[in-house]
Amino acid sequence: MPRFAANLSMLFAELPYLDRFAAASAAGFKAVEVLFPYEFAAKETQRALLANGLELLLINAPPPNYAGGDPGYAAVPKLADRFQRDIRRVMRYADMLKAQRVHVMAGPAKGDAARATYVQNLQMAADSAPHQQFTIEPLNSGDFPGYFLDDYNLAVEILDEVDRDNVTLQFDAYHAQLIHGDALKVWEVFGHRATHVQFAAAPSRCEPGRGALDFDQFFAAVDDSGYTGWVSAEYTPSTLRTEDSLRWMRTLQAA
Numbered sequence: 003m004p005r006f007a008a009n010l011s012m013l014f015a016e017l018p019y020l021d022r023f024a025a026a027s028a029a030g031f032k033a034v035e036v037l038f039p040y041e042f043a044a045k046e047t048q049r050a051l052l053a054n055g056l057e058l059l060l061i062n063a064p065p066p067n068y069a070g071g072d073p074g075y076a077a078v079p080k081l082a083d084r085f086q087r088d089i090r091r092v093m094r095y096a097d098m099l100k101a102q103r104v105h106v107m108a109g110p111a112k113g114d115a116a117r118a119t120y121v122q123n124l125q126m127a128a129d130s131a132p133h134q135q136f137t138i139e140p141l142n143s144g145d146f147p148g149y150f151l152d153d154y155n156l157a158v159e160i161l162d163e164v165d166r167d168n169v170t171l172q173f174d175a176y177h178a179q180l181i182h183g184d185a186l187k188v189w190e191v192f193g194h195r196a197t198h199v200q201f202a203a204a205p206s207r208c209e210p211g212r213g214a215l216d217f218d219q220f221f222a223a224v225d226d227s228g229y230t231g232w233v234s235a236e237y238t239p240s241t242l243r244t245e246d247s248l249r250w251m252r253t254l255q256a257a
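In our numbering, the protein residues as written are 3 to 257.
No wet-lab data here; the hints were simulated from the structure.
One or more hints might be untrue.
Said to hold, decoys possible - Heads up, simulated SDA-like pairs for lysine to any residue below, C-alpha to C-alpha not over 20 Å straight-line:
1) 187 to 228
2) 32 to 187
3) 80 to 90
4) 100 to 33
5) 112 to 162
6) 32 to 17
7) 100 to 53
8) 187 to 217
9) 45 to 98
10) 45 to 91
11) 100 to 48
12) 100 to 49
13) 187 to 130
14) 187 to 167
15) 100 to 130
16) 187 to 215
17) 112 to 91
18) 100 to 183
19) 187 to 218
20) 112 to 155
21) 100 to 37
22) 187 to 164
23) 112 to 79
24) 112 to 90
For clarity, every value in this text was computed on a predicted model and none was experimentally measured.
Assemble the whole structure, with the sequences as input and the hints as a guide.
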């Protein structure tokens, strides 16, 4: 059975941010993600992680430090200088929190200039922090209109062009299902490139048990592939309490 983690930007959101760590630990999670920890002092998050014995698997970059901003801008040519400044802030958080991976969000952009900018920014980040693992993740255009990295084939092309051992693929079953229509087949083709996995039902983005994707098959495929990393629940619970949405995990643990 995969090792499951909790995305605390989406799970336990009924609680104040710093209380979510204890709730995740009480629910049986040993590792968590926090997409954008930047509105809190890194020391506050660090204390919450240590107090509850949790590993931090992932944060996103760049930080969304302006109102109404787009989700990332690493592929936006006119913001290349800004990315280079902001990635230093991201790395301060990543180092203090011992974040295992930093997801570098491309943002809305198109064309050859966007591709070149994304590749150059990823290479710069990887070379400036060789101890840090970075990931890229295709996001579906319905949720993220105009997002540059909207296809798994493109993601692999970008990874090959970047050509850095510390820049790898982040696989999200929710986005794979919406982009390509069959997340299981996408995993069969691209899963060997993945170093981090996330999931949610599609199209609802809630817990497993709703939508077209058979999660028993998907989790089994991930397990059988030899993947040894974490598999993170990145969904919006359909229940008022996150704990009540975790039946899928309890069922797997009891099997």
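Structure-based check of all given hints:
no., hint, result
1, 187 to 228, "16 Å, holds"
2, 32 to 187, "29 Å, violated"
3, 80 to 90, "18 Å, holds"
4, 100 to 33, "12 Å, holds"
5, 112 to 162, "19 Å, holds"
6, 32 to 17, "18 Å, holds"
7, 100 to 53, "15 Å, holds"
8, 187 to 217, "13 Å, holds"
9, 45 to 98, "8 Å, holds"
10, 45 to 91, "14 Å, holds"
11, 100 to 48, "9 Å, holds"
12, 100 to 49, "12 Å, holds"
13, 187 to 130, "35 Å, violated"
14, 187 to 167, "25 Å, violated"
15, 100 to 130, "17 Å, holds"
16, 187 to 215, "11 Å, holds"
17, 112 to 91, "26 Å, violated"
18, 100 to 183, "35 Å, violated"
19, 187 to 218, "14 Å, holds"
20, 112 to 155, "15 Å, holds"
21, 100 to 37, "14 Å, holds"
22, 187 to 164, "25 Å, violated"
23, 112 to 79, "10 Å, holds"
24, 112 to 90, "25 Å, violated"
Against the hints set out earlier in the document, violations occur for numbers 2, 13, 14, 17, 18, 22 and 24.
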